[in-house]
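Residue numbers (numbering that gives the first Met the number 0), protein chains in the order written: chain U, 0 to 214; chain B, 0 to 214; chain L, 0 to 217; chain A, 0 to 217.
Be a bit skeptical, because a hint or two may be false.
25 Å max Cα-Cα, derived DSS-like pairs, lysine-lysine [as the list claims (entries may be wrong)]:
hint : chain 1 : residue 1 : chain 2 : residue 2
1    : B       : LYS81     : B       : LYS213
2    : A       : LYS94     : U       : LYS39
3    : B       : LYS56     : L       : LYS94
4    : U       : LYS38     : A       : LYS94
5    : A       : LYS82     : U       : LYS38
6    : U       : LYS38     : A       : LYS111
7    : B       : LYS29     : B       : LYS39
8    : U       : LYS29     : A       : LYS139
9    : B       : LYS134    : B       : LYS81
10   : L       : LYS139    : B       : LYS39
11   : L       : LYS94     : L       : LYS82
12   : U       : LYS29     : A       : LYS94
Keep in mind that the hints were calculated from the coordinates and are not lab data.
One letter stands for each residue in the lines below.
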Amino acid sequence: MIPAMGGDHDHHHDHDHGDNRWSETQLRVKALESLLVDKKLVDPAALDALIDTYENKVGPRNGKRVIARAWSDPAYKARLLKDATAAIAEFGYTGRQGEDMVVVENTPEQHNMVVCTLCSCYPWPVLGLPPVWYKSAPYRSRAVKEPRAVLADFGVTLPAATRIRVWDSTAELRYLVLPMRPAGSEGLREDALAELVTRDSMIGTGLARAPGQKP
Amino acid sequence: MIPAMGGDHDHHHDHDHGDNRWSETQLRVKALESLLVDKKLVDPAALDALIDTYENKVGPRNGKRVIARAWSDPAYKARLLKDATAAIAEFGYTGRQGEDMVVVENTPEQHNMVVCTLCSCYPWPVLGLPPVWYKSAPYRSRAVKEPRAVLADFGVTLPAATRIRVWDSTAELRYLVLPMRPAGSEGLREDALAELVTRDSMIGTGLARAPGQKP
Amino acid sequence: MNGAHDLGGVDGFGPVVPEPERPVFHHAWEKRAFAITLACGFLGRWNIDMARFAREDTDPLTYLKASYYQTWLRGLERLLVEKNLVSAAELTEMKSRGTSDARMLPADSVAKVLAKGGPARRPDPPGAPRFRAGQSVRTKNIHPRGHTRLPRYCRGKQGIVRLDHGTQVFPDSNARGAGENPQRCYAVEFAAGELWGPGADPTLSVMVDLWDDYLEAA
Amino acid sequence: MNGAHDLGGVDGFGPVVPEPERPVFHHAWEKRAFAITLACGFLGRWNIDMARFAREDTDPLTYLKASYYQTWLRGLERLLVEKNLVSAAELTEMKSRGTSDARMLPADSVAKVLAKGGPARRPDPPGAPRFRAGQSVRTKNIHPRGHTRLPRYCRGKQGIVRLDHGTQVFPDSNARGAGENPQRCYAVEFAAGELWGPGADPTLSVMVDLWDDYLEAA
């Protein structure tokens, strides 16, 4: 389900606390942008380019291609786990908030999940900008203490014996989870495999979809 | 200075965060009281008696009498420091939120200060109900970490060498500070001495007044 | 619980604002909120630890936004429903659907019950207390989801027992209705450096009242 | 600082609410707040650690009340004034009193500067790192009033070094303009029981990226 964009009333995740001063914030942002433009501190065309980049060009699709390649190509997977920054750069995904990448592999024995308890560090070049929940207090507070309860909020149940490693991104390292390749995906091509990878599976709050499973 | 009582606009200490929903709260309290009266869970006359008790009968005046006695009567002071509950009961100050009392003595070498970081435990029979700042986040957060900075907010500076003990009231013990008797108070009678004791000096955020010093 | 109520050592709240000794209340509604909370407490359906937990067990934003009597009010409403003195429907509608059979506090008993209070001290069991004044102890590192009176800032920390407060009701169990579990309570002194690390005020120590179950010899 | 941003292990915030992969922004103004923050960051007048501190150094209630882009906006306004790009009067009036001589990011450089990023990795000094994978370490118990990336929940705790991330800019000094002080950074693994005590998930461990200055051999 993709909800309608924009508007002031479709918003409920990052602000469920009753401080509904959107219109005030909206006016302030507009005034600040004008001020910054007048002072020649920002170029309006650069602002549009920044927004276009993260709204339309850089997003979880990038990470899905990386994961699909790792599932298909054992040599690539080895490179990815050894030097994630370089292996991801093979796709041209580099730069801001992904300067130093680490990929951690999920297995039946060990599940990895990523959080930034102190702010919202997130690997932009491969996942785009973080979802609201990733930046929110419930996720940041609970992920390091009760990840199974958090996973339950995503409808995910792991076997009781699976070890869980939660990575708290306190430094300028950015973590990408390599989810387990789903059963039934044998013989699928890379582009079909990429369709099975979800954003959440690359954060560790979800699993990759089985072929035929609904998005 | 004693500010005017009541009203909705003289209030600024315990709610400086912009959540100005006083009228909503006021309506809710009124409705809840009516509901409780209708259900015969509370007796309106008992409510008035409770308010009258803590607004007019029980307050820091009680503690001031205790401190003045301790300053005047060495035997009483010894009893107070040995078994505060019993010594305070000599005045008839007993009961709720003062069931188990401890008195700690300030000296040139050691200053004592009381806080309840987890809620707002306070010795009602001798001090009445706590001031807003005692219940507030700034005091509760800072008292155990930077008491000298807190004292500065009260205009109090202690000698650099004075040791400070901050008592965090986590249990059902209630602490009363015995402030230092001010210089120049020699020969004063108990009732005159009591005038020099301030509420804050019995919490440890203030000192007793010197004779002639303005309240 | 690790809630917003556990304020010791949190930065950023700004200055303490002193105030004169009077007025005691700052709004007319505060008097009523105070009185109904106290009066309902005398119905005997909950203990003080349950009352504290009802106030602290909430979203940190809710806790920090509220004034103290607003917090009392929120706790009272929760307890009234939890303890079946008021139904959820009655609270929503603010309309009574029938009187309660709980024994309300009559006006002429107010002075007596206040003077009596509710002591938490219990008889000491035979035998010596586990710790004595001067002894070194370390607090446990516990993070219960329920009520606890071991603040976050002094968990896993070494201190010295200074006072023996005798046997006291244990809040962690009392708050969840699991019994008083009375046990020794001590005033334990922590050097500021132990709590706050390098740069702490060298003249500062913090005394915290702690029960046997929070402590290990150290 | 021990601020409200330091959220690990705090209880009471309620459930996590998943959301679909799109939309990226939930309000038109969020796009603008995001873009002006990023664009101003490219003026080079502050580093990422200063930006983080500007966002977290506030009253806990202010922090918790705000949505994430509101927090960015608050931080941006503070930095603009602190770094003399905008005067306090200009910010109050939201009216320019003259253009700045800072070099703004032109639209045709956006792709290039994003692709370049701002690496925090620095050359490794000669000699072996202080710790190696598999070694036991203990975090210090520090409570600086300034910026730190040692979360409260893992202070004074024992863990095992797992990954060596090489030499990285040290945020605590970089945030206050006291230099990059580059030093080794490691991923350290903590058993949940060490962090959360009895009752912790026995299958859980938490990996935290920590710098030499936070660690002692243990």
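Results for each hint:
Distance restraint check for LYS81/B and LYS213/B: the Cα-Cα separation of roughly 33 Å exceeds the 25 Å cut-off, and the hinted pair is therefore not satisfied. For the suggested pair LYS94/A and LYS39/U, the alpha carbons sit about 13 Å apart, so the restraint of at most 25 Å is met. Of the pairs offered as hints, the one joining LYS56/B and LYS94/L is violated, with about 34 Å between alpha carbons and a cut-off of 25 Å exceeded. With a C-alpha separation of about 9 Å, the suggested pair LYS38/U and LYS94/A falls inside the 25 Å cut-off, and the hint holds.
Only pairs whose Cα atoms come within 25 Å are accepted, and LYS82/A paired with LYS38/U is accepted, the gap being roughly 14 Å. Simply put, LYS38/U and LYS111/A have alpha-carbon atoms about 24 Å apart, close enough for the 25 Å limit, and the pair holds. Restraint check for LYS29/B and LYS39/B: the C-alpha separation of about 15 Å stays at or below 25 Å, so the hint holds. Distance hint between LYS29/U and LYS139/A is unfulfilled; the C-alpha atoms sit about 44 Å from each other, more than 25 Å.
Restraint check for LYS134/B and LYS81/B: the C-alpha separation of about 29 Å exceeds 25 Å, so the hint is violated. The straight-line distance between the Cα atoms of LYS139/L and LYS39/B is roughly 45 Å, outside the 25 Å bound, and the hint therefore fails. The straight-line distance between the Cα atoms of LYS94/L and LYS82/L is roughly 18 Å, inside the 25 Å bound, and the hint therefore holds. A threshold of 25 Å between alpha carbons decides the hint, and for LYS29/U with LYS94/A the separation of about 12 Å falls inside it, so the pair holds.
When the structure is compared with the earlier hints, violations turn up for hints 1, 3, 8, 9 and 10 and for no others.
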